[in-house]
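Asker: Could you slot chain B onto chain A? The hints should help.
First to last, the sequence lines map onto chains A and B. No gaps in the numbering here: position 279 of the first sequence is 279 in the numbering used here, and each next residue is one more. No gaps in the numbering here: position 53 of the second sequence is 425 in the numbering used here, and each next residue is one more.
Derived from the structure by calculation, the hints contain no laboratory data. Among the clues, some could well be false.
To be verified - Pulled a few chain A residues facing chain B out of the computed Cβ check, cut under 7 angstroms: (1) TRP69; (2) ILE234; (3) ILE236; (4) PRO242; (5) ARG297; (6) PRO300.
To be verified - Within a straight-line C-alpha distance of at most 25 angstroms, the following computed SDA-like cross-link-like pairs (lysine to any residue) qualify: (7) B:LYS383 to A:PHE246; (8) B:LYS485 to B:ALA1034; (9) B:LYS418 to A:PHE246; (10) B:LYS511 to B:LYS418.
Glycine is no exception: its CB is placed at the ideal position from the N, C-alpha and C atoms.
Each chain is listed here by its residues.
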Amino acid sequence: MKGAVTLPAPLAQVPWAMLLPLMALVLFGAAVLHSAAGGSLSPYADSHLIRFGVFLVMALVMWRVPREWAFMLAYPAYGAVLLLLLGVEIIGQVGGGSQRWLELGPIRIQPSELMKPTIVLVLASYFHTMPVGMIGTWRAIVPPAVLMALPMALVLLQPDLGTTLAIAFGGTVLLFLAGLPGKWFLGGGIAAMVVAPLAYFFGLQDYQRRRVTTFLDPESDPLGAGYHITQSKIAIGSGGIPGKGFGEGSQSHLDYLPEPHTDFVFATMAEEWGLIGGIFVLLVFGIILRWGLNVARAAPDRFSRLLAGGMTATIFFYVAINLMMVMGLAPVVGIPLPFMSHGGSSMMTNMICIGTLMMVDRWNRKARTSSI
Amino acid sequence: MDTKISTNQLKDTFDRRTFVVGAVQGGIGLLLAARMGYIAVAENEKYRMEAESNRVNLTLIPPRRGWILDRNGSPLASNRADFRVDIIPERMGDVEGTVDTLSDLLNFTEAEKQDLLDRLEDSAGFSAVPVASGLQYEKFAAVSVRLPELPGVVPQRGYSRYYPTGPSVGHLIGYVGAASREEYEEEPIPLLVTPGFKMGKDGLEKQFEQQLRGEPGARRVEVTAGGRIIRDLEMRDDVQGNAVRLTIDGPLQDYAARRLGLESGSVVVMDCLTGDLLCMASMPSFDPNSFSDGIGRVEYQMLSENDRVPLRNKVLKGLYPPGSTVKPMVSMAFLEAGLDPEETVFCGGGLQVGNRRFGCWNRRGHGQVNMAKGIYQSCDVYFYHFAQRLGMDVIAPMARRCGMGQTFPLPVVSQFYGTVPDPAWKLEKYGQQWQPFDTVNATIGQGYMLANPLQLAVMSARLATGREVAPRLVLDGQQQPAFQRLGFTDEHVHVIQSAMSDVVNGPGTAGRARLPIQDVLMAGKTGTAQVVGLHISDGKSGPWRYRDHGLFIFFAPFDNPRYAGAVVIEHGGGSGAAYPVARDVMTFLLDPQKGLEALHALERQWGGTAQQRLDADYARYAEAAGIDLPPPPDPITLAQRVEAEARAAATEPEQAVTEAIAPRGEANPTAPGIAT
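This is chain A alone, in the form it adopts within the complex:
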């Protein structure tokens, strides 16, 4: 027993240091969505809170999952999600036109979202079982590359560049943490620099290419594709330090800001809450990510270490790309801001990450108590 406050044993084990800031962030997100809906709980804020509640329960369930189960589930889960991705592709082909989700009864799931935490899980499991001495050999790079390439290819076909990049990023960070030789990453980086222009000209869809060019010079097309970035910067910039006040944002309320409740929710927030609100959001994400890395560092074994590190990286990727996008530092790729943007899929993915981190955190505590 530590600390002055005495809580019942299971409650005391809950990582409140992360969970309380997270709840504050979700509530703040709900407030912003309330404003984005023109000062109304529906349709965004209420469902946002309900989803968070549902997925929090899910995370708490995951929290109780023993290490062995998670380890055992890694490959079957990967296989199942891959099948779902294939299913999306097939239904898309049959139905004509692209789609990203599957209708399963009343719920609609995006398998590509599920793949983000799953790739981390399966890679962590792989490196755990791989003999330690093989870390510098082909066995350390080829199978993980295949594991990553399969879902990436399927998601890119949808086509969903943002999620593809998210999967790649989560996997790559995991490889990095797994201890693959540093020069490989250096070489990979150089190779990426060579491939990127080629991919730009041959691999990207027209609309994706336009997003990149507009990102490089948003003013070139102020009423077309650059409109999003320009309006987002206007929203953030006009908020100033204190913001325009709750419910007073003209950019979001008069429809100048595109997607004020999803991808550009940060701009909606920043217009009304200003730099103060922005710093608050950044701080909370900083707390959550720092906690995630601490969990990873404290983990007793390779599997849980990599799992926690990979999940943290996945959340980080969402946050970083979204914020860079709304501030005009990255092209518009359609990645929502975790815990603030309205949308079930992103909430689910991020809560799976949170649940996994809580799970690892619990293993850590158990390991500590058992080892003492």
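Answerer: Relative to the frame of chain A, chain B by itself:
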């Protein structure tokens, strides 16, 4: 591998690398915070203004246009509150779909729909394109409720130009329309592209554009990105444009236009003392009311196919051989040259000049003819004879002094000079010497001589008063100084006055022109101008375009002239078509009731007023035409085209005239004392 990698080493690597990852994450966090600080603090001012300019939209309210008033202050052009719909093309999404929906809502015909599509195509994008005005509230409301699916469509309450007498003032006043791309480039101010703003396109509307325009009002509103207005922030009322008061007598103008009836012609009446133009009617005409939303293709086609050129202002741009109406002027030239008005010549129906014989219109001859008889009987031989003796050099300067070949300082878009031929002119134009038969032709107002109806009216006024009467169109409150004398002696003026009175009231050629009013005797002079030679047509029957023009100049009362004027009926078949119009117009001026009775009887035969007939023609034409018509030109091009056609129609012959014109009869079968 020479070093064995242990689990602990991997753990160390992991710790190092998590630190790297954490550092990168922290770094990006700091970068984001810095970036946000930069945008929100350093660039706050700039983005605040941009947000403000997004949010607040300044809409101009088109100013109410100044009225155009007649001499008594009643409107010839006013404004009517109405509901209108415009489109701002660059805000449109699906052009076809929007036009389809609008056409359904507003019950457009296929042709009207096509017109709208053409206008959208030709538009500058940012400037408003009128769709319809003068809408019923129901239709306006129907468009308003569908706005969410009609981006770029602007329904609004506003004012539209209204011309109460429609076609009667079409040529005189002109019409208004939305600013064209060229006009905007010339005067790039936001008002010109404001929905609902109309500027003068022709006539006085164009001439007095700056005076009539007024100051736009403004409305600051909060708008959404889609252009929906959330609330008003501020309003500033417009300032109506200044009125322009004309010398025109509105009822007289309307009466004259209507009295022209089925004919193609013009009527000018002016005040001899002030020069005020009381009426400048030119018919057939167009309805300026229907031009202000753009000229429809059906309407344009109907007007441009009409051989009576309803788009031409014939008062200023119709040039005609003046015919015998020049005879009083020629007589004045003779008097000034010292001819005794009682000197006679024998008219045996013709005159031998050299080896040619020039006929008088009256083949049987007029017997002994002095100046008065030469005028009232319009004896050609009298003028042939004395013109041979006195020469063109006395006639041409007199014609110019009387206003022929001149333009007047009037606020009109253009007026034609016409032609007063003389030896120097002919030499320059055709490189040929002046021939005796040229003088013969000129004395009877044929050959090269051309004048417009306004010049004929001025000539009449100057002969009647002996003063240099100059027409004016705007009543600006300034007292017109008395006109300078032309240097005619009173005695000479008397000779002309009484001779011209005899044309109407005596044994002259226009007995039926006598005013049905006690104590007011009108003086006048008939003219019949032939258009083609006798071998093609006798000028009275056959194809319309070969018939003679009918002309009549007049003033009243004959001994103390107050009003003067001219009537020209194109291809009217002779002066008999012209002077009844002059008589009725003058009757109306002096006794409106009597004038209207005469008109109503005639309009019953013609099928309604000018406006009613124009509307009926349009309906008939639209039904027959369908939409396979070329689109109408824009107003500038249209004006240029009309001008060019008018010039082409009025130019002197390509080849020099080599023959004397055989004059046509000035006969008035019912006039007393004439045996034709």
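Asker: Run through the hints listed earlier and report the numbers of any the structure violates, in increasing order.
Answerer: 1, 4, 6, 7, 8 and 10
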